[in-house]
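Mind docking these for me? Both chains are given alone in their own frames, and the hints should help you get the complex.
Just so you know, the protein sequences line up as chains B and Y, in that order.
Per my numbering, the first sequence starts with residue 1, numbered consecutively.
Per my numbering, the second sequence starts with residue 742, numbered consecutively.
Certain hints may be false.
What the hints assert, rightly or not - Pair by pair, the computed Cβ-Cβ distance ranges are: (1) B:K142 x Y:F889: 30 to 40 Å; (2) B:P298 x Y:D811: 30 to 40 Å; (3) Y:I918 x B:R417: 40 to 50 Å; (4) Y:A962 x B:P68: 19 to 29 Å; (5) B:D558 x Y:E772: 46 to 56 Å; (6) B:E139 x Y:D811: 52 to 62 Å; (7) Y:A896 x B:R417: 30 to 40 Å; (8) Y:G916 x B:R417: 10 to 20 Å; (9) Y:A944 x B:A610: 30 to 40 Å.
For the record, the hints were derived by calculation from the structure and aren't laboratory data.
All values reported here derive from a predicted model rather than from experimental measurement.
Just so you know, even glycine gets a beta-carbon here, dropped at the ideal spot from N, CA and C.
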Amino acid sequence: MTLRNDIEITPQLVADHGLKADEYQKILDLIGREPTYTELGIFSAMWNEHCSYKSSKKWLRTLPTQGPRVIQGPGENAGVVDIGDGQAVVFKMESHNHPSFIEPYQGAATGVGGILRDVFTMGARPVAAMNALRFGAPEHEKTRHLVHGVVAGVGGYGNSFGVPTVAGEVEFDARYNGNNLVNAFAAGLADTDKIFYSKAEGVGLPVVYLGAKTGRDGVGGATMASAEFGDDIEEKRPTVQVGDPFTEKRLLEACLELMATGAVIAIQDMGAAGLTCSAVEMGAKGDLGIELNLDKVPVREEHMTAYEMMLSESQERMLMVLHPEKEPEARAVFEKWELDFATVGKTTDDLRFRVLWQGEEVANLPIKELGDEAPEYDRPWVEPKIPAALAANDVPQMDVADALLKLIGGHQCSSRRWVYEQYDTMIQGNSIQRPGGDAGVIRVLGHDSKGLAFTSDVNPRYCEANPYEGGKQAVAECWRNLTATGAEPLAATDNLNFGNPERPEIMGQLVKAVGGIGDACRALDFPIVSGNVSLYNETNGRGILPTPTIGGVGLLPDWQKSVRIGFTAANQPILLIGGPALRGTHLGQSIYLRDLFDRRDGDAPHVDLAAERKTGDFVRKLIRSGVVTACHDLSDGGLGVALAEMAISGGIGATVVDVEGHDPLLQYFGEDQGRYLVTLNLDPQGEEIVALWEEAKSLGIEAPWIGTTGGTDLVLGKAKPVSVAALTSAHEDWFPNYMSA
Amino acid sequence: MKAAVIVFPGLNRDRDMIAALTKIGGVAPAEVWHQDADIPDVDLIVIPGGFSYGDYLRCGAIAARSPMMDKIRERAAKGVKVLGVCNGFQILIEAGLLPGALMRNTSLKFVCREVKLEVTNTDNVFTNGYTKGQIIRCPVAHHDGNYFADAETLAALEGDGRVAFRYAEGTNPNGSINNIAGILNAEKNVLGLMPHPENLIEAAHGGIDGRALFAALLDKAA
Numbered sequence: 001m002t003l004r005n006d007i008e009i010t011p012q013l014v015a016d017h018g019l020k021a022d023e024y025q026k027i028l029d030l031i032g033r034e035p036t037y038t039e040l041g042i043f044s045a046m047w048n049e050h051c052s053y054k055s056s057k058k059w060l061r062t063l064p065t066q067g068p069r070v071i072q073g074p075g076e077n078a079g080v081v082d083i084g085d086g087q088a089v090v091f092k093m094e095s096h097n098h099p100s101f102i103e104p105y106q107g108a109a110t111g112v113g114g115i116l117r118d119v120f121t122m123g124a125r126p127v128a129a130m131n132a133l134r135f136g137a138p139e140h141e142k143t144r145h146l147v148h149g150v151v152a153g154v155g156g157y158g159n160s161f162g163v164p165t166v167a168g169e170v171e172f173d174a175r176y177n178g179n180n181l182v183n184a185f186a187a188g189l190a191d192t193d194k195i196f197y198s199k200a201e202g203v204g205l206p207v208v209y210l211g212a213k214t215g216r217d218g219v220g221g222a223t224m225a226s227a228e229f230g231d232d233i234e235e236k237r238p239t240v241q242v243g244d245p246f247t248e249k250r251l252l253e254a255c256l257e258l259m260a261t262g263a264v265i266a267i268q269d270m271g272a273a274g275l276t277c278s279a280v281e282m283g284a285k286g287d288l289g290i291e292l293n294l295d296k297v298p299v300r301e302e303h304m305t306a307y308e309m310m311l312s313e314s315q316e317r318m319l320m321v322l323h324p325e326k327e328p329e330a331r332a333v334f335e336k337w338e339l340d341f342a343t344v345g346k347t348t349d350d351l352r353f354r355v356l357w358q359g360e361e362v363a364n365l366p367i368k369e370l371g372d373e374a375p376e377y378d379r380p381w382v383e384p385k386i387p388a389a390l391a392a393n394d395v396p397q398m399d400v401a402d403a404l405l406k407l408i409g410g411h412q413c414s415s416r417r418w419v420y421e422q423y424d425t426m427i428q429g430n431s432i433q434r435p436g437g438d439a440g441v442i443r444v445l446g447h448d449s450k451g452l453a454f455t456s457d458v459n460p461r462y463c464e465a466n467p468y469e470g471g472k473q474a475v476a477e478c479w480r481n482l483t484a485t486g487a488e489p490l491a492a493t494d495n496l497n498f499g500n501p502e503r504p505e506i507m508g509q510l511v512k513a514v515g516g517i518g519d520a521c522r523a524l525d526f527p528i529v530s531g532n533v534s535l536y537n538e539t540n541g542r543g544i545l546p547t548p549t550i551g552g553v554g555l556l557p558d559w560q561k562s563v564r565i566g567f568t569a570a571n572q573p574i575l576l577i578g579g580p581a582l583r584g585t586h587l588g589q590s591i592y593l594r595d596l597f598d599r600r601d602g603d604a605p606h607v608d609l610a611a612e613r614k615t616g617d618f619v620r621k622l623i624r625s626g627v628v629t630a631c632h633d634l635s636d637g638g639l640g641v642a643l644a645e646m647a648i649s650g651g652i653g654a655t656v657v658d659v660e661g662h663d664p665l666l667q668y669f670g671e672d673q674g675r676y677l678v679t680l681n682l683d684p685q686g687e688e689i690v691a692l693w694e695e696a697k698s699l700g701i702e703a704p705w706i707g708t709t710g711g712t713d714l715v716l717g718k719a720k721p722v723s724v725a726a727l728t729s730a731h732e733d734w735f736p737n738y739m740s741a
Numbered sequence: 742m743k744a745a746v747i748v749f750p751g752l753n754r755d756r757d758m759i760a761a762l763t764k765i766g767g768v769a770p771a772e773v774w775h776q777d778a779d780i781p782d783v784d785l786i787v788i789p790g791g792f793s794y795g796d797y798l799r800c801g802a803i804a805a806r807s808p809m810m811d812k813i814r815e816r817a818a819k820g821v822k823v824l825g826v827c828n829g830f831q832i833l834i835e836a837g838l839l840p841g842a843l844m845r846n847t848s849l850k851f852v853c854r855e856v857k858l859e860v861t862n863t864d865n866v867f868t869n870g871y872t873k874g875q876i877i878r879c880p881v882a883h884h885d886g887n888y889f890a891d892a893e894t895l896a897a898l899e900g901d902g903r904v905a906f907r908y909a910e911g912t913n914p915n916g917s918i919n920n921i922a923g924i925l926n927a928e929k930n931v932l933g934l935m936p937h938p939e940n941l942i943e944a945a946h947g948g949i950d951g952r953a954l955f956a957a958l959l960d961k962a963a
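Next comes chain Y alone, as it looks inside the complex (with noise of 0.2 Å):
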């Protein structure tokens, strides 16, 4: 399994990114500055957070009109793995590449905290590691979580089993619209979550609840 990580400028996360791959996996990924001329083959893309840009204009937007987006649209499209996380996230988002919005939290604060994830679909090649219902720990560190989605988009989501993650035990730190997490497209090949599985991957972590996602996507054991 070889792997990509997306390097905008403004991401801060990327190093946290690589070394759960490279500690999980076993070998680094690739890494990809953002005006590059292409991606190598690689079966998963993952774009890590930060602040692309500064968050200036709105969080994601500038570098999801990026050229490198349009590649990794097409990548998606023939089937690889694209996972966002937080910043990668909201990047996604406003490529386009899933659906909805995500604004600020309902605090107007960015926060960072542990909260619990319920694992609430498993028929999907990030979360089968996990059981379906399985609580998780998961750290979280943003000011634009704030999932929304209109009824009718919701109702895909909820009805295709594409909410992949939800805030669990009242620990929703966002406002986000039925405690929305994280969430895949209608093939179910690309993720976007707020939380941060990156960072609860080993013992210096305080958890390893993070592990069993990438250990799914890299095919190793958790």
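So that you can see chain B by itself, here it is in the shape it has in the complex (with noise of 0.2 Å):
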């Protein structure tokens, strides 16, 4: 068989679409032909490291992705976990860091257009979402253009689309400076029985094109989001897609509006590499041929050819396989919300994925080995270097209050408002805890008592100290910060963004950081049921902080009964839950250490992946039960930043008592893992705490009280005190202040 090829496929055309020698080879030996010019390009949409996985295949699959609530793990459009009664959870969390650093706007706007379609594709209706965004130093010329430009085109697109953004993280960092990150995930809820999927049954069915218009937007867009960035970075502008949220708005409504018709069999949305990877997937998931005739095609601009047609990425776009008898009732649907709706292709028998264009056959390949026989790498990768453990004398000393203030007011800890104030937080009416707390909390519309909570997390120092470490520390930071507000962790997504896998150093953080994800969801009962991988990361060679950030999804059966964590009543008792009898002992790698005397040495706190699950499991407990008034989790900037978070959320002080013989700064600035700070409505000389402190006894768990709520001061030990208004106005202050520079 030949294709007439009217481009000469050269060696440099191979390469610059992103392909090596030996995979092109492949392509060779796999057709036995030269490819077409459209054929090459259908390659390298398949076969790059954004739609292949083909660097982190091989690590995913340890990764635990079964439980008794999983109804589907990784490998559709999203995760799906039963949350009783009939309904499910639908998420993922995915990138979009190449798009929002060439064009900011719209990079972060398309993100988070592309998860939502992910989830509302599966039949869910969005009904939270989060973004956990890195950007530069501070004082790096672009970042406050990309801090305005990421989180207005967050806000423009989830905004009008009309999904509340509940959690999420904003973190700066040097590394980021050439490279930010972008990770936004969606959350919809559905029936269990209503679940839609991308395998496509039976032959000769209608193949259905939806949505918006072709147009030549996002040619090339998952190629460039699988290279590294050099300095021709601008010219790779026209390659970022353009959102339009009003169509996504209209796209959702067709399609549950459709989907409630029962003329769907299957559903794929159009992402990263468009129309080629959307049929190509829906074919070879139901061993099926797929025949596209792209005349058929809705394109927004003439004389598109073949091969910008298939890796166009314009967005709010979708393909279907309908049952033929109900294609009028479908077509009623979406003309009624204006939207386009074109038979563009069947399905066939024999296995191939045909592209008709112009009446000439310009692709022909086989489907399952287009995705299953993608090139896949055991990429060499080296054990990373540990830092020493810090000396244990070795406490560079500080006043305790300036620390706390100063620490407070910084970029790492203060308040987030300035971003989270331009997302509609409220939006559905659902919204329990808002951003601002340890995880965002939503009620369950459909059901009277039942809550879903939301958090985003990791702590890329403490990965790139130590890979393996600060893997299990970012799916542990995410199950406590679930727990902390009384929710039973379920099931997370995993966003892996990481540096070039050809170096094997990076490839040995990658290989360890999924190592320690792998070992703390197993020992936490918290599997990971979608994900993302990010490579590339990197920008004239110098690779990213490891960031694999873990989005987590917890159950309340009463929201009710959910706490916040701030203070909510004077003369309540302070206990300290979990970790060490000194409170803080580990300096490595922290706030205190990186912030106030630049120092990134050390190694990362480990999780004691045991104790963190005892732990987890008598707070929420405690938190169910009714005693907790307040909860929150110890992260950045150890127990005296966790105080101070409390203070300023309730505008009520406490004063605290140390641990006599062991320094201060330790105690309230260590970063050890697996603690809470809960206050309670118990009397602190009564028989319930002492009940209290007994079953934590025999648990193993340590429950000191360290002090009482009340006041306008935080009174750490012998510090001297600082007023939470002084607090506040440090913590509110750093944001808008940068900002506005």
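Following this line, the structure appears as structure tokens:
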């Protein structure tokens, strides 16, 4: 078989498509002839890192993905987890890093659009969104511009679409100077018996194109996202897509209406590599061939070539296989919403992916091999070098109160209000806990009391120092944040952001971090049900901090029993639950060292997974028993920062006593893991609190009384009192001051 | 009391509004698609918030020119109560049912937060469930809520008791002139406001200050 080829396939053209010489040879072996230009484009789209996971697949397979509540694990548009009563939560997190650096507003906006589409493609109405954003150093010349653009883009799309943003992360580090991270999460609700999948079934059935028209935007986007950045970055702007949330909102409503008619057999959104990827996935999963006639594709521009149509990443498009007898009904739904509806092909029984254009066959490829036979690499990797632990007496000194004010008013621990007030956090009327706490909480529509909690976490500086412990810690912190609201952690999605996997030290980070994530997920019964890998996050050969973001979902049987981080009343006992008897001991890789002494040394704190689980289960039980009035996990900045955040949030001070004979700086700023602060509505001298301590003791959990809420100052032991007002203004001022500077 | 909620493509707080009307009124409102031939016989027409037609061109401008707005204009002229919230307010202004303009927030940013509102006037069917001068909590979520009107219009609004709500206690989130958050037409049967009382009507919302507005409209106890 020979297909006409207007464009000569040269080694340079192959390289420009991001395909290595041996990968091209594999294509030649597979199809037994030279590919057409369109076919070369299709291969480059399917076999790039972004779509094929060729460097990470081997390691991703080691992650736990099953559990009693898991309905659908990785491999579909999003993970699906049973939340009881015939309902399921459908969620995923995905990166849009490269586009957001090139064009921050549209890059971030389309990242949000893509993840929302992944969720409603499965039949779920989106009910919550989060985003984890990482930017370069605050003083870097591009940072403000990127923060402005990305935040406006996230808000611009999500607000217009109508999903509440309930949680998220914003972090700064010079290692993201040339490559920021935008990880977008979305979750939706669906009935467990009404989940839609991408697997096509039945031969000779119509393949229908829905949504927006196809233009030239984003051609080659997935290939761009799989390459490192150099100084020619500005030239890549045309590869970024443009989002239209108005169309997405109509597409959501139209898809859900269409699904209710029973017309849909299979559905796949057009994300990376657009028409190519969606058609191939639907066919390959269903063991069917697909024939597409590009002359039927609704287009925005004239004279588009087959190559451009197959690689366009125009947004807000879907591909479906429909029951032919329901086609008129389906068409009516899309006409009501004024969206395109076109039958562009059919399923076949020959396992070929055939593309017709202007009466000519421009691609004819084996469909299974396009997906399943993508190259897979066991890339060489080296064991990361773990920095030596800090010496026990290596505690650079500073006044405790001064240190606290500096940290709470610094870029790492300050309030993110400037960011989250640009997001609609209340739309849909179900937001119980909005951003600013440990996790976002929503109530579940259609149920009297059920709630869902959402959080996204990772500590990249821990991952840089010790990828295995950092991976563990990201999962543990996510699990801990859900627990701190009273939720039972159900499952997670992982968004693995790393540098160039062809460098053994970067591959070593990936391998070890995934190992840590897997071990933590197993120990905490917290399976990974969806995810995304973003590699080649480097500029001019310097990688980002390894950043495996973990997005977690938890279930609350009764949202009215969820607790928040703010102190709620004066004269309540404060307990520190979990961790060592000396409270804080670990300063390695702490914010205290990094932000006050410009030191990035020492090992990352290690998470004791058995203790983590035991402590979390104990805290959750306490919360559900109704005695806890506030709860906050300890993370960046340790006990001191956590106490300050509770005081600021509640507008109430506290007085805390030191442990005698132990450096207060370690106590207040050590970042030991597995710890929570709780306040109780119990008499500190009463029997109930004694019973609580006895139970903690029998479980081997430290739960000391450390102080009492009340007053207008936060008093950390012998340190000078700091007024809650001073803490609040330091906390609130950093971001707006920075952005307006 | 029968109510109808008008839905233009791109509106997204229609479900919030329908939930509020249903929970407070005890009956679900009629949902009217913008292309429907007519609006059922109702006492209250609500245009909820969102981004009709993506806010493209200018917020509310495209919806304001749809045939559905002629039907709403006719009903309003007959004395039917019309409530526009957020994008609904923008549409009412663009359609000429209310005076003035809603410009981009002075911050140039979308803002979602809780503010304080002063119930400035209560001699109308919308706010008579509150007391004059009462300060209530209410969320806002908008990019273009910066109310502006010329001096003559402002004098008329202020002089005739047509300012229904004002941002209070220094919480003006958008730069609105005279801290105006919501205004009435001359006949006081059309109210437009930027804040979202429908998002503060039950314990789950953390407060119920928005209830009295709907309770008054639906003849129910707050």
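Against the structure, the hints come out as follows:
no.: 1; hint: B:K142 x Y:F889: 30 to 40 Å; in the structure: holds (35 Å)
no.: 2; hint: B:P298 x Y:D811: 30 to 40 Å; in the structure: holds (32 Å)
no.: 3; hint: Y:I918 x B:R417: 40 to 50 Å; in the structure: violated (26 Å)
no.: 4; hint: Y:A962 x B:P68: 19 to 29 Å; in the structure: violated (46 Å)
no.: 5; hint: B:D558 x Y:E772: 46 to 56 Å; in the structure: violated (31 Å)
no.: 6; hint: B:E139 x Y:D811: 52 to 62 Å; in the structure: holds (56 Å)
no.: 7; hint: Y:A896 x B:R417: 30 to 40 Å; in the structure: holds (37 Å)
no.: 8; hint: Y:G916 x B:R417: 10 to 20 Å; in the structure: holds (19 Å)
no.: 9; hint: Y:A944 x B:A610: 30 to 40 Å; in the structure: holds (39 Å)
In summary, the structure is inconsistent with hints 3, 4, 5 from the numbered list given earlier, while agreeing with the others.
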